[in-house]
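A.B. asks: Based on the provided sequences and hints, a complete structural model is requested.
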Amino acid sequence: MENISTYISLVVGLLAFSVIGILIFVVINKNEQLNLLKLALNKLKNSFNELDQQAKLIVKTDLELNKAQEELDKRINGLETLQKVSRLISTTLDENEIFNRLNRVLLAELGFEKNLILIYDENKELLDRINLGFPPNDIPFILSKLLDDGDLIKALSDGTSFSSLESSQQRKEEISRLFEVEHFILSPVLTQNGIIGYVFVGNRSNASVITAGDEELVSILANQIGQSLENALLFEQAFRSSQILESKVQDRTKQLASALEEVKSISKTKSEFISAVSHELRTPLTSIKGYASILMTGKLGNIPDAVKDRLAKINTHSDNLVKLINDLLDIARIESGRTEMHKETCNMTNLIENVHDLLTPQMKDKNIQWIALLDPKTPEIFIDKGQVERVFINLVSNAIKFTPAGGTIMVKSQLNDKIVEIEVADTGIGINEENISKLFGEFYRVENEINQNVKGTGLGLALAKKIVEAHSGKIWVASELNKGTSFHFTLPIKKT
Amino acid sequence: MVTHIGIGFSRDANAENAAKEAALQSKADLQDGRIDFALILSTMHYAPQRTLPVLNQVLNQTRMIGCSTAGIILSTSIETRGIAVLAIHSDDIQFGIGSVKDIHTQDVRSSGVILGKNSVTDFGNPGRQFFIFFVDGFLKNNSLFLRGLQEVLGNVFPIVGAGSCDDFHFSNSFQIFRNKVLEHSATGLLLGGHVNVGIGAQHGWRPLGKPRVIDKADGNVIITIDGKKASSLYEEYFDKEAENLRSARLGQMAILYPLGIKIAGESEYLLRNAVEILEDGSIVCQGDVPEGHDVHIMIGNKDSCKQAAVGAALEAKKNLKGALPRLIIIIESMARLKLLGRIAFEEVKRIKEIFGLTVPVIGMYSDGEICPFQSIESIKRPLLQNESIVIVAIS
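Residue numbers (my numbering), protein chains in the order written: chain A, -2 to 493; chain B, 1011 to 1405.
Think of the hints as simulated: they come from the structure by calculation, not from any bench.
Be aware that one or more of the hints could be misleading.
Unchecked claim - Pairs of lysine-lysine residues, derived as DSS-like cross-links and limited to a Cα-Cα distance of at most 30 Å, are as follows:
#	chain 1	residue 1	chain 2	residue 2
1	B	K1238	A	K57
2	B	K1220	A	K64
3	A	K35	B	K1238
4	B	K1127	A	K57
5	B	K1312	A	K53
6	A	K57	B	K1272
7	A	K40	B	K1238
C.D. replies: What follows is the structure, given as structure tokens:
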């Protein structure tokens, strides 16, 4: 029994030992696993912490990216708005329209809570042209405080901008207090003539800070407003000047028209007077000439030669006087429109040859050469033949009168589109420039030796001018002293 | 039995003119000028005291609610300045509106109850289908307000809400109820009758970094995270920028990097915006925060936003169960506008592609969204969410 008991004890002891051994082994093994797990956990914790550190970096980067994105969005929005504003205000030259277009909604797109555009008016008074975010009642106070700050105004006038980003602490506090904002930009509106106003933008919230980009944006906006207003001002000035000028021109035109009417009236009165006087003179003159002719015939008894001579002179002078009166009457009639031009088709070459035939004796007396250069293409023209002949006779007679012996008279015609231009040129003594402009005036005679010896009425060229103008033509003269004179006149080919 | 929907918008510089233009545009699409309900969305640039009398007059003193917003979503554009009017005349849909004032000085939960009861009273008949409300976005705990509403409407009743806000200044907002301009208040609309409503909501924000545990919280205040003051979470991640946490820039920063809380059984993280950092380093959130849950800093990007918008639209369409949408209402976090910036309208384009290009769209950017949370459970409970896009398709 003892053996059995001993055996059992041994077996139990062995089993216990084995179990203990196994347990020890298991514990050791578990402990190792635990250590491994601890190691793994620590590793995991470290990884977690590392990941967390990375997460912190990500957050910081993301925060910066968000800020950059926000700033970028703000800049892009600002630039888009600025571009819109620039396009709108630069396409008008009306100051009020500039501010209509630069309306509050558009300005609000720049992204500032408070916006104020202050512009000096004509009387140098500062006015708020755009107000966004300020109670209207506060504006007078803001303006007076702003203008009272001499240093600030002077600095602004020099082109300095102020902002909550750049200004000194004291200045920043002053401006913030005045405009009741936390962040701001105050920029001058400058033109070539100096400062014309101010642009103010600001944010009340401490969270809405001003950036360097905002400063650039507002500066560009202020410049753009300045340029547009300057353009508008220049246009306004130019417009006003042109209006004043136009008004003056209108006044002057009225004065001239009035003067012209007066001249016409006087001219008419003069023509009527000349006409009346000429008529009154011609009747007794006809009697005088008639009686002188009767006396000269000797039907009323013989008259001594001395008397005959005197009667001949009376006759000659009467003829001159009649011619003068006739010319005066013709001028008066043409001027008053009482003399109609009896126009008919006429061959210019024939007309000129007739004149040549008529005046050939006088030219022969002075050995003057006659040259006619007539354009063969000139068709028959529609004129009052008798009147135009008078023009030719007058011009050629003058040429003969003022051309020394052995000289040349040239008559030239040239077809020029729908008109015929005729030139009567001589190699005479010429006319000085001073007299040229007066040449077609009535009773005007150039003072020269020939005119002093040869009598004339001073009505010939005046009459020639009236006749040419009655044909819707023009007459003018070119002359060089001691070289010759050429008269030009035009006549239309067809009916006018 | 017809429903006419008109949407008007104006950005006229003059408040009265803008109100008149927007109201007349919305009215133009309605038959005989009859209006049963109008929703007004306005940016802070327009004083409601000036616009409301005009809106009331043009819209024939109809049932009208609305609020201020950081931006207005339209079929054709995103507008950060303007007034939009949605006007509805319907023989099929019934409307009931309500409001509650001065929530900031009252018990928040009771205020929710009051809004719910007022809306139900105005609605009158049984057959209510959907509730949408606009609450002051600066209310520090919208979760309590929602609970009050749910007391009246039921825990699983579809509720969508938006926090009214300003233009990223996080300083004030307003609400509109009939002819009254309200502050620190809420207004709501109860829809019922022959109407189907499909709702979809997603945010697209993803967790970043290691999870931490909210070991102490009280309502909407996180006191400690991983045994440290709650603000240390932001301080670790933002380094120097963390200085802004106690300034006015907190709102701007926090909306881009909200806290994400993992809720068991939910497929999406519950997002919470930090609205205030207290002296002791506690973080005040816009809604309740559960104690003992993991919390992450969350991050979003443009692509994840757009994908979330598509996801929300598809979900809303699915929930319409084949009915054709007649109107799309979008409630979207202002954080998304900030993040998407100039391409914000691309979200709307994608949403329109899903619902049809001719379906009218109106929406707002909000500070806090309330919507049925995406859940693996078949029943979706409305919860306060941040950084989300909520799409309501009405058929």
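A.B. asks: Look at each hint and say if it fits the structure.
C.D. replies: A quick look at each hint next to the structure:
1. Straight-line distance between C-alpha atoms of K1238 of chain B and K57 of chain A comes to about 22 Å, which keeps the hinted pair within the 30 Å bound.
2. For the hint linking K1220 of chain B to K64 of chain A, the alpha-carbon distance of about 25 Å falls within 30 Å, and the restraint holds.
3. A hinted pair counts as satisfied when its Cα atoms are at most 30 Å apart, and K35 of chain A with K1238 of chain B qualifies at roughly 25 Å.
4. Straight-line distance between C-alpha atoms of K1127 of chain B and K57 of chain A comes to about 47 Å, which puts the hinted pair past the 30 Å bound.
5. Under the criterion of a C-alpha separation no larger than 30 Å, the hint pairing K1312 of chain B with K53 of chain A is consistent with the structure, at around 20 Å.
6. A distance of roughly 23 Å separates the Cα atoms of K57 of chain A and K1272 of chain B; the hinted pair therefore holds under the 30 Å criterion.
7. This hinted pair checks out: K40 of chain A and K1238 of chain B have alpha carbons roughly 23 Å apart, not beyond 30 Å.
Checked against the numbered hints listed earlier, the structure breaks hint 4 alone; every other hint is satisfied.
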